[in-house]
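There are 2 protein chains.
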Amino acid sequence: MQRRKNAGRPAGNEGEKVKADLMDAARRHFLQREFKAVSVREIAESAGVNGAMVNYYFGSKQGLYMAMVDELLSSLEASLAELGGDEALSVTEFSRAYTQVLLENPWWPNFLLREVLIKEGESRNAMVARFAGAFAPRLMASISCKIRDGQYRDDLDPGLTMLSMIALTVFPFLAKPVLETVLGRDMNEEIAARLVEHNITLFHSGVLHAAANKEGDEHAD
Amino acid sequence: MQRRKNAGRPAGNEGEKVKADLMDAARRHFLQREFKAVSVREIAESAGVNGAMVNYYFGSKQGLYMAMVDELLSSLEASLAELGGDEALSVTEFSRAYTQVLLENPWWPNFLLREVLIKEGESRNAMVARFAGAFAPRLMASISCKIRDGQYRDDLDPGLTMLSMIALTVFPFLAKPVLETVLGRDMNEEIAARLVEHNITLFHSGVLHAAANKEGDEHAD
DNA sequence: AAATATTAATTAAATGTTTAATTAAATTTA
DNA sequence: TAAATTTAATTAAACATTTAATTAATATTT
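Respectively, the protein sequence lines represent chains W and A. For the first sequence, this note's numbering assigns the number 3 to the initial residue and increments by one for each residue that follows. For the second sequence, this note's numbering assigns the number 3 to the initial residue and increments by one for each residue that follows.
These are calculated hints, taken from the structure and not from any lab test. Keep in mind that this is a model prediction, so the values were computed, not measured. Treat the hints with care, as some may be off.
Stated by the list, open to error - Short derived list, chain W residues pointing at chain A, Cβ under 10 Å:
| no. | residue |
| --- | --- |
| 1 | Ala39 |
| 2 | Arg43 |
| 3 | Val172 |
| 4 | Pro179 |
The C-beta atom is built at its ideal place from N, Cα and C for all residues, glycine as well.
Work out the full structure: start from the sequences and follow the hints.
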């Protein structure tokens, strides 16, 4: 007669701990690899519980995945609320605030990209709308406005200009594993802060409507 | 007794066609989803042949994958050879040539990132070294040199500056599925060409050592 | 006929899910 | 309060399905 280890009803609310452990393990795995590539057994082993717990608490592997994504998106939306409001969003504000969000959720761009790449149609649109729609229109408005006012040079396309700023902000996090391999050290807050200031300087020097810029259109190369 | 359709030795060299079809189908699938998430059945069906053909021609799923990656990397290295040589690689040269490579291989950044994210240790290092090592050091040299010469402003970190240019060039391709969902149209050569010129203008205006830039350090926001 | 190419059927391993047994806490009853 | 019962949580094992790989039969070309 084998003895089961640790079975039975736990004291107080400890049952919720298993659920939370499963969520944590699921997050670790699903943020890195896509749904089909992760097995329930792997997740359960990571969480240190039996695989059947996934079905007990979440109904199915799919259910666990959806719960985990939900939690993820909610926490992200909470962070994104910092750049909330209805007013225009300046490039500087965006860069600083979004970098802060990315420091807290460095996995986010990779995950979104993977999801969008796999999904299609309405499901894809919803995902993109939910997280690009939150800031892109207001960032665009701010840039267009500055171009109209003559603060930014008027020979740059506002859409491409916005894309540039997003690229400068997001790419380092997307390429994190590559950069860390190249540089040999991982991105910390200090490096991120330097990066933000670098980007803002570069962007504004390039985009501000200064006489010296306009006549410098022919480049050195 | 069921009748097999189309079995037997094909005319001429048509056998190689099956092999090539399998490679094509494998590329389409593996560029989008990771190894474990793609089944041999899917690939074979895409190629319009029986699944056993994978084992017949490539020994195993793993074998097909490796053959496909090999072909992929070779073709990419051939493209990358355009920005070959030992001399310094100017930012403009890099941007134009690498965008050309990306237009021919738009899947590439996503694939590399996924591979690097999944792999680790030596395997990861080799992958990164093979494709970042090809141009990064020479791009870096070019930037450092221009800073030393006073052509570029000397208050920007050369590493971050290189990162900026790579971000501007690569990000639009990484985010392709997102951008296409947002914009409603896909990236063609004409848009890419405008993007390149935009990036070069923005970068150089921001980075050139002009008096107007240096005194413009305090920004409008 | 011999060699080659292709396929359907089969096998073995892995995976998501379900079930039944077991344990322990909580609740009820005497 | 002590015993009995119910409820919840957890596990090991089984079950059904999927999947990669293998095999044997079949068809075609030379």
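Results of checking the hints against the structure:
1. Residue-level restraint check for Ala39/W holds (minimum Cβ-Cβ distance to chain A is 4 Å; threshold 10 Å).
2. For Arg43/W, the interface hint is violated, the least distance from its beta-carbon to any beta-carbon of chain A being 13 Å, above 10 Å.
3. At about 7 Å, the closest approach between the beta carbon of Val172/W and any beta carbon in chain A falls short of 10 Å, and the interface hint on this residue holds.
4. Hint status for Pro179/W relative to chain A: holds, with the closest Cβ pair at about 5 Å, below 10 Å.
Violation of the numbered hints given earlier is confined to hint 2; every other hint is satisfied by the structure.
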